[in-house]
Amino acid sequence: MTEADVAHVEGDEAESIVDAVAIRGVTKRFGSGEGEVVAVDDIDLSIADGEFFAMLGPSGCGKTTTLRMIAGLEFPTSGSLKIFGDEVGTLPPNKRPVNTVFQNYALFPHMTVLDNVSFGLRMQGTDKATASAKASELIDLVQLGGMEKRKPNQLSGGQQQRVALARALVNQPKVLLLDEPLGALDLKLRQEMQLELKSLQRELGVSFVFVTHDQEEALTMSDRIAVMHYGRLLQVGSAEELYERPVNRFVADFIGQTNLVEATVADGDMIVLGNGSKVAAPSNYAAGTAVAMSLRPEAISIGPRGSVPSERQSDSLDGVVSTAVYLGHAVDYHVSVDWIDLEVRAPAIGSHGRFGPGDEVSVWWDRSSNWVVAD
Amino acid sequence: MAVVYEQGDIDVEPFIEGEEATPEFEAANIRQDRRRGLLIALPAYAYLIIFFAIPLLTVILYSFATRDRFGGADLTRFNLDSYADLNDELIRTIILRSAGLAILTTVICLVVSYPFAYYMATRSETVRNVMLVFVMIPFWTNFLVRNYAWYVILGTDGPLSRVAEFVGFGPTRVLFTQAAVVLGLVYSFLPFMILPLYAAIERIDGRLLEASRDLYANGIQSFRHVLWPLSLPGVIAGSILVFIPSLGAYVTPQILGGTGTTMLGSYIVTQFLTARNLPFGAAMSTVLMAFMLAATIIYFRKGGRTL
Numbered sequence: 001m002t003e004a005d006v007a008h009v010e011g012d013e014a015e016s017i018v019d020a021v022a023i024r025g026v027t028k029r030f031g032s033g034e035g036e037v038v039a040v041d042d043i044d045l046s047i048a049d050g051e052f053f054a055m056l057g058p059s060g061c062g063k064t065t066t067l068r069m070i071a072g073l074e075f076p077t078s079g080s081l082k083i084f085g086d087e088v089g090t091l092p093p094n095k096r097p098v099n100t101v102f103q104n105y106a107l108f109p110h111m112t113v114l115d116n117v118s119f120g121l122r123m124q125g126t127d128k129a130t131a132s133a134k135a136s137e138l139i140d141l142v143q144l145g146g147m148e149k150r151k152p153n154q155l156s157g158g159q160q161q162r163v164a165l166a167r168a169l170v171n172q173p174k175v176l177l178l179d180e181p182l183g184a185l186d187l188k189l190r191q192e193m194q195l196e197l198k199s200l201q202r203e204l205g206v207s208f209v210f211v212t213h214d215q216e217e218a219l220t221m222s223d224r225i226a227v228m229h230y231g232r233l234l235q236v237g238s239a240e241e242l243y244e245r246p247v248n249r250f251v252a253d254f255i256g257q258t259n260l261v262e263a264t265v266a267d268g269d270m271i272v273l274g275n276g277s278k279v280a281a282p283s284n285y286a287a288g289t290a291v292a293m294s295l296r297p298e299a300i301s302i303g304p305r306g307s308v309p310s311e312r313q314s315d316s317l318d319g320v321v322s323t324a325v326y327l328g329h330a331v332d333y334h335v336s337v338d339w340i341d342l343e344v345r346a347p348a349i350g351s352h353g354r355f356g357p358g359d360e361v362s363v364w365w366d367r368s369s370n371w372v373v374a375d
Numbered sequence: 001m002a003v004v005y006e007q008g009d010i011d012v013e014p015f016i017e018g019e020e021a022t023p024e025f026e027a028a029n030i031r032q033d034r035r036r037g038l039l040i041a042l043p044a045y046a047y048l049i050i051f052f053a054i055p056l057l058t059v060i061l062y063s064f065a066t067r068d069r070f071g072g073a074d075l076t077r078f079n080l081d082s083y084a085d086l087n088d089e090l091i092r093t094i095i096l097r098s099a100g101l102a103i104l105t106t107v108i109c110l111v112v113s114y115p116f117a118y119y120m121a122t123r124s125e126t127v128r129n130v131m132l133v134f135v136m137i138p139f140w141t142n143f144l145v146r147n148y149a150w151y152v153i154l155g156t157d158g159p160l161s162r163v164a165e166f167v168g169f170g171p172t173r174v175l176f177t178q179a180a181v182v183l184g185l186v187y188s189f190l191p192f193m194i195l196p197l198y199a200a201i202e203r204i205d206g207r208l209l210e211a212s213r214d215l216y217a218n219g220i221q222s223f224r225h226v227l228w229p230l231s232l233p234g235v236i237a238g239s240i241l242v243f244i245p246s247l248g249a250y251v252t253p254q255i256l257g258g259t260g261t262t263m264l265g266s267y268i269v270t271q272f273l274t275a276r277n278l279p280f281g282a283a284m285s286t287v288l289m290a291f292m293l294a295a296t297i298i299y300f301r302k303g304g305r306t307l
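First to last, the protein sequences are chains A and R. Final position of the first sequence in our numbering is 375; the numbers increase by one with none missing. Final position of the second sequence in our numbering is 307; the numbers increase by one with none missing.
Isolated chain R, as found in the complex:
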């Protein structure tokens, strides 16, 4: 790789007028380029180390510690007790419920988003941009506020209940059920499904679909054999972007869910703040993160490059 320095570049040190090019000159050039790149990336590296790597390592460290009598963590006695405690009926129930709700959320998001993303990808430039703005608008309001809006809508005296009563179903309360949690999660994470799907579908050459129709595929076959496989990177990216935050969701289940719908996120918070079992909470967090990491690696192995 030859590095070319132009006049007006930040520095032109290796450039010596009247000198022939040599391998040493080229090597010096490349070294200098690397050094400069590192310098530019330094603030981002610092950020990641301070706010990501150190806290993560702290959590992992705590997960091997022992809970002391005062609700702190004894960092002198390391063992695997916290991980052993995870093998518990209640924990299994919570994990299964969380996974179930996260999968349900992901599937609903996918089914709702796919036709929308396809429609958007096949419109004119102007219509697309307007639709993209509509997808983004919810982000302009705080996440917490939006969840409280659902709290009001789904509550006992809320509009939904009133309508149900008027139609003749009697007072209906959706709030504090699993349905409310899934609704809230779908609402929150739908854009994370729409955007990668849109990006993937938009990149597909429309002539491929025409070619499939020309080769005797009907609409459904054309979808199954051409559109779907080619949009798979977007499907996988969107699914991971929805599944992972849904699995660890805290705010939505906390506000819209009831006692019977405790999810992993809430349970971990309880371990830290109420039960004061720091090592156990840390162990759960570590397992959850390991699982999410595995899911992400599988995605990249699948060849998706949409992120």
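Pulled out of the complex, with its shape left as it was, chain A reads as follows:
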């Protein structure tokens, strides 16, 4: 993460550290005339060498198109795309030093595991013995030793995933691209593979560029995350930055769960909520701007009506519990405050009592945990 930040700062001034991937002003349009779709809209992006980088967004946001442009499977309509300083915008995929782990793996069904993994080396002209030896090494690395002779349809989803990984990594790509690689796995296996991918990346020191629509997955594995929406790059930052300081309403809502409380900026330090109450919330927006205060469910405390600590009086609201869902480690409440509905996640142990639907409660929060976003 720190390495990435350094690259980010210095890369622009001095060319001392070359970005693994540098995207400048890249736009991709599909179709023409009436049916034209702008899949990627003028994005700038730098991915540092050795970084685990995630591209996150809902389906159709342009993240996969961006990945495919890096791979060479799509060509940008305009803009510059460099891999380690070399312009590759118009090179076919076989001329680029990157490899892809495809969604649903795209393993060659008519080839054995060994032939699948050695395919890239064979196509580059490596002789059969050397290619097989290297492929076997990679197959061992992904813990599939002994399965060399099997066909992909004789493997489980998780094993196919490993073959896809080995098939890409055997070529020693400078950047590994992963397109929703864990999407087809069940939850338990997915969590296992997340950790494995992460440690594999650290071991190899190669940049991984990872596309996902699953924000938890992105937060778990990545050094930095790019959030995309409607073809535009909204924010690039570490998990903490995105979670604690989202740049707009979409990012605040997309990364984790949050309560967005409509408000208007009063002056530099105060905002006025919908019910007229003033709340302290520093922001850089001009007075009168319509904003939303983002309050994470876990940052809100809940207690019986009137139990608000005196120092939190100005950061509190009164309401009625509408639903309470027991989650084991926490209780998820929906609290109706006269003009909004707040989601509150209170720890099951050590909170100010347990409440049921209809209970009159007060909610309050730490001044530092609210964050103001605009559209």
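Wrong hints could be hidden among the right ones.
Looking from chain A toward chain R, a few residues come up when the C-beta cut is under 10 Å (computed) [claimed, not checked]:
1) Arg24
2) Ala106
3) Pro109
4) Thr112
5) Leu114
6) Phe119
7) Met123
Since the hints were derived computationally from the structure, they do not count as laboratory data. We treat Cβ as the ideally placed atom computed from N, Cα and C, and that holds for glycine.
For chain A, the structure is supplied; the task is to place chain R on it using the hints.
What follows is chain R alone, placed relative to chain A:
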């Protein structure tokens, strides 16, 4: 396998209200299901027996009979003479020629169809359907009529000859040559190659080709190592669907071919109608069918399931 009967099913006999399930109940269910299946298939079975099995057995039976003096078959004297007669210079020539022309037809069909099928399989839904209609349109006209159209086009005074003359090649006659026969066969059977190829290529996941390109294969390598092997079931199915009818073709060689291009089909017809040697014609037919059957079995052994 449990058979589930729903309300509204044709019959619900085994269903008895308030009874527990027993193995006997299940067995009765399965038996009834089989019986019903047989009943439904009965018309098709009857058709196959009357119009396929009986005639086929008749041909095989005749092939072992002896030709009598009046051009009929003596069904009291069975022997292998007709099969022995197949070992003849003329027959060998005809078989080799037929096989050669059928192979040539198949190869030309394959080379012409493959790019077309690939193009079709990679278009949008609408374009595909339009292209499929274009492939089918020739079937709307009678096979015989289409062959006579070629007869006119390729004839001495036909458009082809006129064009050749105009360009300066002089009067050209393609009609009654082997080239005309192959042209006619390719024209007739091209759709039988295109359709299975299209079906096979359309099923291939496009990401596999992308993956091969991503793994440093160039276009040709990608074709050789991924597209071609994966489309092989379609290639085999199409080849058999073109090769078999080409080998036994009768109408096209008869109309477009000359005396020097007699193929198996024509020769067999001659044996039945002109030479009146029924057992010999039947023997040739049997051998031809056995060969085609062998070709088909080899195809299914190869694992093709496109038919």
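Against the structure, the hints come out as follows:
Hint status for arginine 24(A) relative to chain R: violated, with the closest Cβ pair at about 23 Å, above 10 Å. Against a cut-off of 10 Å between C-beta atoms, the interface hint on alanine 106(A) holds, since the closest Cβ of chain R lies about 4 Å away. Nearest Cβ of chain R to the Cβ of proline 109(A): about 7 Å, under the 10 Å cut. The hint holds. Violation of the interface hint for threonine 112(A) is found here, the shortest Cβ-Cβ separation to chain R being roughly 13 Å, above the 10 Å cut-off.
Because the beta carbon of leucine 114(A) sits about 14 Å from the nearest beta carbon in chain R, more than 10 Å, this interface hint is broken. Checking phenylalanine 119(A) against chain R: minimum C-beta separation of about 5 Å stays under 10 Å; hint holds. Below 10 Å, beta-carbon pairs count as interface contacts, and methionine 123(A) has one with chain R at about 4 Å; its hint therefore holds.
Hints 1, 4 and 5, counting from the list given before, are not met by this structure.
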